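Student: Sequence:
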Amino acid sequence: MLKGHVHPDFWGVARSFARILPRSGVGGAAVCVYHHGERVVDLWAGSRNEAGEPWEADTIALSYSTTKGVASTLLHVLADRGLVDYDSPVAKYWPEFSQNGKAKITIREVMSHQAGLYDIRALVDDAHAMLDWEAMTDALARAKPAHPSGAAMGYHGLTYGWLVGEVIQRVSGMRFAEALEKEIAAPLGLDGLYCGLPKAEFGRRAHLVGQGLHATSSQLERARRFGKAVNRGFELARIDVDLRKLAGALIPPGMDAFDFNSEDVVAASIPSANGMFNARSLAKLYALLANEGEFDGVRLLSKRTVRIASTIQSRRRDVVVPIPMHWRLGYHRAPVARRLPNAFGHAGYGGSGAWADPDQRLAVALVLNSGVGTPFGDLRLVRVGTAAATCAKRR
Numbered sequence: 029m030l031k032g033h034v035h036p037d038f039w040g041v042a043r044s045f046a047r048i049l050p051r052s053g054v055g056g057a058a059v060c061v062y063h064h065g066e067r068v069v070d071l072w073a074g075s076r077n078e079a080g081e082p083w084e085a086d087t088i089a090l091s092y093s094t095t096k097g098v099a100s101t102l103l104h105v106l107a108d109r110g111l112v113d114y115d116s117p118v119a120k121y122w123p124e125f126s127q128n129g130k131a132k133i134t135i136r137e138v139m140s141h142q143a144g145l146y147d148i149r150a151l152v153d154d155a156h157a158m159l160d161w162e163a164m165t166d167a168l169a170r171a172k173p174a175h176p177s178g179a180a181m182g183y184h185g186l187t188y189g190w191l192v193g194e195v196i197q198r199v200s201g202m203r204f205a206e207a208l209e210k211e212i213a214a215p216l217g218l219d220g221l222y223c224g225l226p227k228a229e230f231g232r233r234a235h236l237v238g239q240g241l242h243a244t245s246s247q248l249e250r251a252r253r254f255g256k257a258v259n260r261g262f263e264l265a266r267i268d269v270d271l272r273k274l275a276g277a278l279i280p281p282g283m284d285a286f287d288f289n290s291e292d293v294v295a296a297s298i299p300s301a302n303g304m305f306n307a308r309s310l311a312k313l314y315a316l317l318a319n320e321g322e323f324d325g326v327r328l329l330s331k332r333t334v335r336i337a338s339t340i341q342s343r344r345r346d347v348v349v350p351i352p353m354h355w356r357l358g359y360h361r362a363p364v365a366r367r368l369p370n371a372f373g374h375a376g377y378g379g380s381g382a383w384a385d386p387d388q389r390l391a392v393a394l395v396l397n398s399g400v401g402t403p404f405g406d407l408r409l410v411r412v413g414t415a416a417a418t419c420a421k422r423r
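Start counting the sequence shown at 29; every next residue gets the next number (the numbering used here).
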């Protein structure tokens with residue numbers, strides 16, 4: 029049963045949301061939509077763990093790469109104040125980064141996935157190294173790029189978080205989780221926006237069930253069949269997929285034993301992969317982006333910075349992901365089955381995601397804890413987002 033509220037103009041979102049919920053077993057989700065500054069959808073349903081405890085209004089869920097959009101927004105807030113220049117070298121703010129030919133790599137190249145530092149398998153011997161911020165930033169400082177910066181675009185599926193996050197820490201003088209709270213969550217009054225969850229908030233979190241490494245054998249078998257169908261589609265479309273680059277960017281050694289449900293993982297800050305969000309907080313943040321950097325009297329970004337952040341940097345094919353991402357500065361094209369040329373956001377493995385459309389002053393966010401998605405997004409987000417865009421256009 030759905031809980032929350034929905035504006036009559038957006039019943040289509042409620043219907044779409046109901047269809048993506050698990051039909052049997054456990055699992056839940058929440059969706060939130062803002063239109064012209066009004067919260068028109070705020071719904072949740074299902075269960076937040078295998079014990080069947082109900083998803084509540086304040087439940088937060090691990091949202092994988094959706095975290096990248098949040099981390100990017102935080103860096104844009106600092107850039108808007110003049111603390112960071114997009115075309116300055118990363119090494120200006122992080123001197124150790126200049127090693128191994130990286131002295132000229134710019135913030136812009138990092139944020140648009142052109143730095144050539146996507147191969148996490150070349151950096152760590154075990155995935156659990158991701159729990160150690162200093163170990164990861166030291167490894168990236170020593171790393172040699174896979175190609176000259178700007179020569180290609182390659183999705184930095186895991187390394188992006190520390191690349192952006194260390195710059196944030198250097199210029200703000202705060203740990204990443206603290207900066208996120210102080211610079212975004214507190215000013216906007218967000219009760220569900222964490223990357224490095226405080227122990228006091230552990231009781232609110234959803235646990236991943238039937239998702240990724242926590243999927244059942246039948247769910248994994250369905251995922252394998254889906255994966256084969258996707259690969260066949262790439263072959264028919266003559267899209268070349270380099271699985272070595274994909275694995276290098278997304279699957280460090282020992283990933284099969286890395287438990288995203290564990291307290292150690294949830295408490296760490298991995299700004300590319302372990303943000304704990306509720307849909308309401310994500311949607312409000314993206315509503316600010318959809319409204320040129322201001323929401324309800326709070327301005328975090330200038331109109332100019334939002335335009336810079338959301339401008340497509342290149343339409344070249346990504347060498348890691350086999351689909352056109354149209355990378356902006358920390359965001360990609362909106363995962364929606366409508367033509368929204370100026371919409372941008374970030375999706376996450378397992379189905380979560382959030383995006384903004386400045387043309388319609390529309391923001392959409394979805395978080396969930398079940399199902400097996402892909403590293404490039406999930407059809408559930410596409411369905412909900414398409415319904416929201418359709419309702420907004422009709423309105």
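These aren't lab readings, by the way, just hints derived from the structure by calculation. Keep in mind that a hint or two might mislead.
[Stated by the list, open to error] Cut-off 27 Å, straight-line C-alpha distance, at most; resulting in silico cross-link-like pairs (DSS-like, lysine-lysine):
1. LYS210 x LYS331
2. LYS227 x LYS172
3. LYS273 x LYS132
4. LYS210 x LYS120
[Stated by the list, open to error] Derived CB-CB ranges, DEER-like:
5. ARG345 x LEU407: 19 to 25 Å
6. ALA131 x ARG344: 22 to 28 Å
7. LEU30 x ASP115: 45 to 51 Å
8. ASP115 x GLY325: 27 to 33 Å
9. ASN128 x ARG43: 48 to 54 Å
Owing to the predicted nature of the structure, the values given are computational and were not obtained by experimental measurement. Think of the CB as a built atom: it goes at the ideal place given N, C-alpha and C, for glycine as much as any other residue.
Student: Checking each numbered hint in turn, tell me which of them this model violates, lowest number first.
Tutor: 2
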